[in-house]
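*Asks:* Now for the letters of each chain:
There are 2 protein chains.
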Amino acid sequence: MPIIESIPNISEGRRPEVVNAIAAAIREIPGVRLLDFSSDASHNRSVFTLAGDAAPLKEAILRLFEHTLREVDLRVHEGEHPRLGAVDVVPFVPIEGATMDECVRLAKDVASEVARRFGVPVYLYEEASANPARKNLEDIRRGEFEGLAAKMATEGWAPDFGPSTPHESAGATVIGARMPLIAYNINLNTDRLDVAKKIAAAIRQSSGGFRYVKAAGFKLEDRNLAQVSMNLTNYEKTPIFRVFETVKREAERYGVSILESEIVGLIPAAALHGAAEYYLQIAGFKPDQILENKLKGD
Amino acid sequence: MPIIESIPNISEGRRPEVVNAIAAAIREIPGVRLLDFSSDASHNRSVFTLAGDAAPLKEAILRLFEHTLREVDLRVHEGEHPRLGAVDVVPFVPIEGATMDECVRLAKDVASEVARRFGVPVYLYEEASANPARKNLEDIRRGEFEGLAAKMATEGWAPDFGPSTPHESAGATVIGARMPLIAYNINLNTDRLDVAKKIAAAIRQSSGGFRYVKAAGFKLEDRNLAQVSMNLTNYEKTPIFRVFETVKREAERYGVSILESEIVGLIPAAALHGAAEYYLQIAGFKPDQILENKLKGD
Numbered sequence: 001m002p003i004i005e006s007i008p009n010i011s012e013g014r015r016p017e018v019v020n021a022i023a024a025a026i027r028e029i030p031g032v033r034l035l036d037f038s039s040d041a042s043h044n045r046s047v048f049t050l051a052g053d054a055a056p057l058k059e060a061i062l063r064l065f066e067h068t069l070r071e072v073d074l075r076v077h078e079g080e081h082p083r084l085g086a087v088d089v090v091p092f093v094p095i096e097g098a099t100m101d102e103c104v105r106l107a108k109d110v111a112s113e114v115a116r117r118f119g120v121p122v123y124l125y126e127e128a129s130a131n132p133a134r135k136n137l138e139d140i141r142r143g144e145f146e147g148l149a150a151k152m153a154t155e156g157w158a159p160d161f162g163p164s165t166p167h168e169s170a171g172a173t174v175i176g177a178r179m180p181l182i183a184y185n186i187n188l189n190t191d192r193l194d195v196a197k198k199i200a201a202a203i204r205q206s207s208g209g210f211r212y213v214k215a216a217g218f219k220l221e222d223r224n225l226a227q228v229s230m231n232l233t234n235y236e237k238t239p240i241f242r243v244f245e246t247v248k249r250e251a252e253r254y255g256v257s258i259l260e261s262e263i264v265g266l267i268p269a270a271a272l273h274g275a276a277e278y279y280l281q282i283a284g285f286k287p288d289q290i291l292e293n294k295l296k297g298d
Numbered sequence: 299m300p301i302i303e304s305i306p307n308i309s310e311g312r313r314p315e316v317v318n319a320i321a322a323a324i325r326e327i328p329g330v331r332l333l334d335f336s337s338d339a340s341h342n343r344s345v346f347t348l349a350g351d352a353a354p355l356k357e358a359i360l361r362l363f364e365h366t367l368r369e370v371d372l373r374v375h376e377g378e379h380p381r382l383g384a385v386d387v388v389p390f391v392p393i394e395g396a397t398m399d400e401c402v403r404l405a406k407d408v409a410s411e412v413a414r415r416f417g418v419p420v421y422l423y424e425e426a427s428a429n430p431a432r433k434n435l436e437d438i439r440r441g442e443f444e445g446l447a448a449k450m451a452t453e454g455w456a457p458d459f460g461p462s463t464p465h466e467s468a469g470a471t472v473i474g475a476r477m478p479l480i481a482y483n484i485n486l487n488t489d490r491l492d493v494a495k496k497i498a499a500a501i502r503q504s505s506g507g508f509r510y511v512k513a514a515g516f517k518l519e520d521r522n523l524a525q526v527s528m529n530l531t532n533y534e535k536t537p538i539f540r541v542f543e544t545v546k547r548e549a550e551r552y553g554v555s556i557l558e559s560e561i562v563g564l565i566p567a568a569a570l571h572g573a574a575e576y577y578l579q580i581a582g583f584k585p586d587q588i589l590e591n592k593l594k595g596d
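Going down the list, the sequences are from chains W and V. Read in order, the letters of the first sequence correspond to residues 1 to 298 in the working numbering. Read in order, the letters of the second sequence correspond to residues 299 to 596 in the working numbering.
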């Protein structure tokens, strides 16, 4: 059975009873697994991680909308994290036996139903969007809920589905399909923040680096170390080993070496396998040579 | 549910009807999956790959004995591959959620039942054997079926289970537990067989190299390349990346580089993950950070 992941973000992170009730509603849907959920009070935002096939996932996301729209009113919502909607963003991610095309179809199907059933305008993003100006979540969300009515009235910002004005209390929602994201940090053997910042600039898309890398330099004050903190947004096209090797080479310019790296949260197995294949120079490797994959097949 | 693998080798590879009947008998056991089976006519030998939990695996191996003992008579058996028994060797391998201790217990349990039910003497090997002289399959099998009666009469060669003389038509069987074996080849950017042989000698246990490496140098005549061909018998203790890096360094002595490497057959996912962790210098990585593992859990 194909597995698609969805990671809906909602604008509620201070009332555990509301978040728990939504989690419970999701758990009731057969064929959907709630892998994780967590709230951030200062962001006033919660993130759910769901997995399942397309049909039950759609059902779960609609249930999440129903509960969230009843409970969250953006007109009185405050929090540090930028947001456009009560249900702010809903990505679908292909994991196993599912293609990106299927996730795009699912995103559009859910978007259409959300607009129809709840009267919330929906913007498609990432792979689900055909409009280059509306692929990046940050571009769509710029102006936030408070600026939404004005933005929607601007040319080029009619939503993909639903009404052409914001939902009174729920704003708008961004729904789309993307590759699994890898949060990856590299700690440098130095306390020099400027080195981390220069390396980050060298490797990230926005300043001329790799297409699917977002990066920033930080200082880990408690360890007195500089860190290159990254999001790898498409590990197939910009693989983790190429990023690592480039950071290593750039660091050498400043006489700095890599102390260690760190995967934050989850990583798809294929990203690790790709690194093993690269470094071990394995030719002609096929995923069904992995014992565990063979055991799953029939 | 824990998964144990078993790879019984039988001394019959020329009568497909016999081998197919054994495969069919294995497939009838609920809880056991027959992942693969293949025969070699010149070896006159067949290899089955089964996976399942301990109890159904035991049932399947006993069924395999029953069929094989009825059909195979070593007194009239010829083939290139060394063999001691009609059922020659039965390893049990921990794969998922199963420990080596469980595999050792299963090996002893099956060995005891084989001796009791079929009157076949059984030698334990690898992790199931407490006797250093009787850990290696090659040591136990030396002399083969034809020399078995004399060997069993020698001090130190009483079997672990069953009668102290060979079974008339089925000889003896070697049963044990071991780690998954990785068949791994490295092709060198040279046609010099002597370089491959020197590198093989440098890395293999038998001539002073790594504890869990067997290796030999070969010439790939059709590609005019030298190859270091290896079996890695414990990838946890002698990891694939360390072997690769050592081969690379040894090759440099002769001005030779690595063209490519090759995994023959199956490799446990953890061996690939270990290589990715090593090369990417990932600190504090946990298996449950792999998305697919998370999806399997609950």
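These are calculated hints, taken from the structure and not from any lab test. One or more of the hints may lead you astray.
[Stated by the list, open to error] Below 20 angstroms or equal to it, Euclidean Cα-Cα: the simulated EDC-like pairs (lysine to aspartate or glutamate) are: (1) V:K592 x W:E262; (2) W:K197 x W:D139; (3) W:K286 x V:D334; (4) V:K584 x W:D36; (5) W:K294 x V:E394; (6) V:K592 x W:E96; (7) W:K294 x V:D351; (8) W:K198 x W:E221; (9) V:K592 x W:D36; (10) W:K286 x V:E519; (11) V:K592 x W:D53; (12) W:K294 x V:D334.
Keep in mind it's a predicted model, so treat the numbers as computed, not measured.
*Asks:* Decide, hint by hint, whether the structure agrees.
*Replies:* Hints versus structure:
1. V:K592 x W:E262: holds (18 angstroms)
2. W:K197 x W:D139: Between W:K197 and W:D139 the Cα gap is close to 23 angstroms, so the pair fails against 20 angstroms, i.e. violated.
3. W:K286 x V:D334: Given that 20 angstroms is the threshold and the Cα spacing comes to 17 angstroms, the pair holds.
4. V:K584 x W:D36: Distance ~17 angstroms between V:K584 and W:D36 Cα, so the pair holds.
5. W:K294 x V:E394: holds (13 angstroms)
6. V:K592 x W:E96: holds (13 angstroms)
7. W:K294 x V:D351: holds (16 angstroms)
8. W:K198 x W:E221: holds (18 angstroms)
9. V:K592 x W:D36: OK: V:K592 and W:D36 at ~10 angstroms, within 20 angstroms.
10. W:K286 x V:E519: violated (25 angstroms)
11. V:K592 x W:D53: holds (16 angstroms)
12. W:K294 x V:D334: Distance ~10 angstroms between W:K294 and V:D334 Cα, so the pair holds.
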